[in-house]
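K.L.:
Chains as they are written, first to last, in my numbering: chain H, 257 to 475; chain V, -18 to 64.
Note that these hints are calculated values from the structure, not bench results.
Glycine is no exception: its CB is placed at the ideal position from the N, C-alpha and C atoms.
Hints are supplied without guarantee of correctness; some may be wrong.
[Unchecked claim] Computed spacing ranges between beta-carbons, pair by pair:
1. Ser283(H) with Pro33(V): 38 to 44 Å
2. Ala57(V) with Ser314(H): 25 to 31 Å
3. Arg30(V) with Ser286(H): 35 to 41 Å
[Unchecked claim] A short, non-exhaustive set of chain V residues, derived as facing chain H with CB atoms under 8 Å:
4. Val19
5. Glu20
6. Ser51
7. Ala57
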Amino acid sequence: MTAPTETPTAVSAVAESRRWLEQLGGSGASRDAAVAELHALLLKAARFEVDRRRASLSHLRGGDHDDLAQQSADDALVAVLAKLDQFRGESRFTTWAYKFALLEASVKVRRRAWQGREIPLEEEAWSTLAAASAWAGRGAEDAELFTVLREEIENGLSPRQREVLVAVALNDVPIDVLAERLGSTRGALYKSLHDARRKLRAALRERGIELGLQGEEEQ
Amino acid sequence: MSDSEIRRGSHRALARVLGFDEPELSCEECFTQLDRYVELSLTSNRADREVPGMRAHLDGCPACAEDFHSLRDLVAVDQEGES
């Protein structure tokens, strides 16, 4: 495990991470205490995530939110303990552990929010695409953009690529929800989405259509 | 809604369909690097230089972007508590 920088804060963060690894990798009362401390930390992160997403869970009763956080912390604890040897010391141990609890909680919340809901049909996506194309800023050529994109989505993509693109990019279905329904994973479906996007960009380029889109995520 | 807001919404929707022409991490690579990237983004301006492909992935993957925002905000709360 290496310290990224030699500032006093970084040195104490490394010492703290070492303490976690030693205690969790040990045995007896010291390990039991560290596991309990870790669970409390993961529960804090899971509750933080469930609270952020409370609006999407308005149909749940009060206690259900905390049940969801508890389940997330329990599952994250199992994941963290199984992956201790993968901690590379490139962040604080607590930051590394938090991400497991946040992932467990965010996936559970998304799936719970969509429980009992049908995935929207492909037809419903075309109005979204038409609206986006109509305001692309290419003047009279905007209608052509919609026609080309729809044609490529219908005929140029594989069935799986089309299914993922339409659900995730046009109908706003969370990728984790789609993965659960299709018996797949976020990573596998994102690969299909990535490949579909690349095909569509290439098709537009072939027809001389340049949109100059840029990312807008803030850091 | 103004024309410029509608235009921005339109570009955002098209970006969700088309993505961007940049190399990007996979979801698995993103998860592996997320803790390091979050700490770098909170303490320096080197995050995108140190973890190439992360920004492009977060722009293209809404689920990973939400996980990034959650982890960044949680760690920021901890840091505020320490100072």
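K.L.:
Hint by hint, say whether it matches the structure.
P.N.:
Taking the hints in turn, this is what the structure says about them:
1. Ser283(H) with Pro33(V): 38 to 44 Å: holds (41 Å)
2. Ala57(V) with Ser314(H): 25 to 31 Å: holds (27 Å)
3. Arg30(V) with Ser286(H): 35 to 41 Å: Since the Cβ atoms of arginine 30(V) and serine 286(H) sit about 40 Å apart, the hinted range of 35 to 41 Å holds.
4. Val19: holds (6 Å)
5. Glu20: The hint holds - glutamate 20(V) has a Cβ within 8 Å of chain H, the shortest such distance being about 5 Å.
6. Ser51: This interface hint holds because 5 Å falls under the 8 Å limit.
7. Ala57: violated (11 Å)
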